[in-house]
Amino acid sequence: MLDLILDILSVPAILVGLIALIGLVVQKKPSSDVFKGTIKTILGFLVLSGGAAIAVDALGHFGVMFQEAFNVQGVVPHNEAVVAMALEKFGTSTALIMAFGMLANILIARFTKLKYIFLTGHHTLYMACMIAVILVVGGLEGTVLIIVGSILLGLVMALFPAIAHPTMKKITGTDDVAFGHFGTVGYVLSAWVGKLVGKNSKSTEEMKFPKGLGFLRDSSVAVAIVMGLFYIVVAIASGKTFVEELSDGQNFIIFAIIQAITFAGGVYIILAGVRLILAEIIPAFKGISEKIVPDAKPALDCPVVFPYAPNAVLIGFLSSFLGGIVGMLVLIGMKATIILPGVVPHFFCGATAGVFGNATGGKRGAFLGAFAHGLLITFLPVLLMPVLGDLGFANTTFSDADFGVVGIILGNIIKIFVH
Amino acid sequence: MKILVACGSGLGSSFMIEMNIRKIIKELGVEAEVSHTDLSTAKSEKADIYVGTRDIADQLIGLGGEVISLKSMIDFDELKDKLKSGLGKKGLI
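So the sequences go chain by chain: Z and F. In this text, residue positions in the first sequence follow the working numbering: the first is 110, and each later residue adds one. In this text, residue positions in the second sequence follow the working numbering: the first is 313, and each later residue adds one.
Mixed in with the good hints there might be a few duds.
Once the Cα atoms are required to be at most 27 Å apart in a straight line, the calculated DSSO-like pairs of lysine-lysine come out as [said to hold, decoys possible]:
id, chain 1, residue 1, chain 2, residue 2
1, F, Lys392, Z, Lys278
2, F, Lys314, Z, Lys149
3, Z, Lys395, F, Lys314
4, Z, Lys278, F, Lys394
5, F, Lys335, Z, Lys149
6, Z, Lys138, F, Lys338
Calculated from the structure, these hints are not laboratory results.
Build the full structure now, drawing on both the sequences and the hints.
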């Protein structure tokens, strides 16, 4: 009997369903809602796995072509893709670390001066996953793995909003809301660069700027377009003959385009899965935290700052992307693993870096701050991938700055202790 | 009655706004289905009221529902006022 229970609990989909179930029961929801919510959460996990298979397959073709063309590993950092890939093996520990990590966040906010509740649920999930991977690769297992992982996650959730808060207050003009997005180190870097270079520079919002790039906010479209360009370049570089062997005779350019859009489709499905997984868990987390720590500040996702400086959003994206291209050229020169500029991190994080840079250094701050951010998120993955074990050989990896910083520090500390 | 909140990838911002909307319609005693999603999906999903921050709200126009454009994601009063007038136009309050 015990074996059966353990078997059931080691299925990650059921485990996340159970976490949602507990959250719903604690909130005293009617039984029909509890039942519906639990099933939807399980469904979310299974949908995510389906999307992972599609995205990973398409990305695999990219990797093979890249290797043939340039003789090195090519990596497009993309959180959703790498997490979906990792959850297959690390699903159970990720789910447990996420659930207890949120509890740790509440306790830290209750008993210390770090009064921040991290409400960006998808980043909590991704960070839980990365911590699980690094700790397991480092040799931890069982209860120790879950305890250490949860405390680390809780700390990270309370600490990073505190680091971003001084600039956040400047942007929003209020102390009530905090910033919760794991790209903080990049945003703070941008704000610092802004302070250095931005003397007497006018705010980005005083200039006229075209609105034409609004379609990039539609992230599936943006991913399809930018990945389409990457795939076409790589397909041409690896040669018609090679690609058409891979595609079973399909024209190499058409194959490249279809694979890029297939990748975007896989990510689209993963996002739908993540949405279902979080739908019940985050309101429960928010409700419980409001009861236990009423004076805490909710830390919200990065677009919270976008409406304050729409021009800085666009400048930040373009400039961070430019930083990503320059960084890539440097890596090519060094013959290292090549990190390509992924559109999602450069858009969301680059835009945020632009807003932070603008807050301290006007348009010069927005431009140069976001550029520095673009360089940072290109170089961090190179150092992060070696501590991710088998996952470090994938064609994608964690993209945003804090994943890099936390992962590199944690992965190298654990090496000292375990070996 | 369906209210759909949209943002870039439909994960964080729109979810926070959705939770605030749930709070508001509960206060107002209005029955409505509320959900959140990304921009691509929003464009193919029918709703009576679409909600987005002002930097993306333009892209929700012409989908057949009332569009609420928010200056700020964290201003609860702004959301409440605009939601009230939106619900009013739909004849619900």
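Tested hints:
1. Restraint check: the Cα-Cα separation between Lys392 of chain F and Lys278 of chain Z comes to about 23 Å, which is no more than 27 Å; the hinted pair holds.
2. Our distance criterion of 27 Å between C-alpha atoms is met by Lys314 of chain F and Lys149 of chain Z, whose separation comes to about 19 Å.
3. Only pairs whose Cα atoms come within 27 Å are accepted, and Lys395 of chain Z paired with Lys314 of chain F is accepted, the gap being roughly 23 Å.
4. Pair hint Lys278 of chain Z plus Lys394 of chain F holds up; C-alpha atoms about 25 Å apart against a cutoff of 27 Å.
5. Taking the CA atoms of Lys335 of chain F and Lys149 of chain Z, the gap is near 22 Å; set against the 27 Å cutoff, the hint holds.
6. A C-alpha spacing of about 15 Å is found between Lys138 of chain Z and Lys338 of chain F, which places the hinted pair at or below 27 Å, so the restraint holds.
Consistency note: the structure conflicts with none of the earlier hints.
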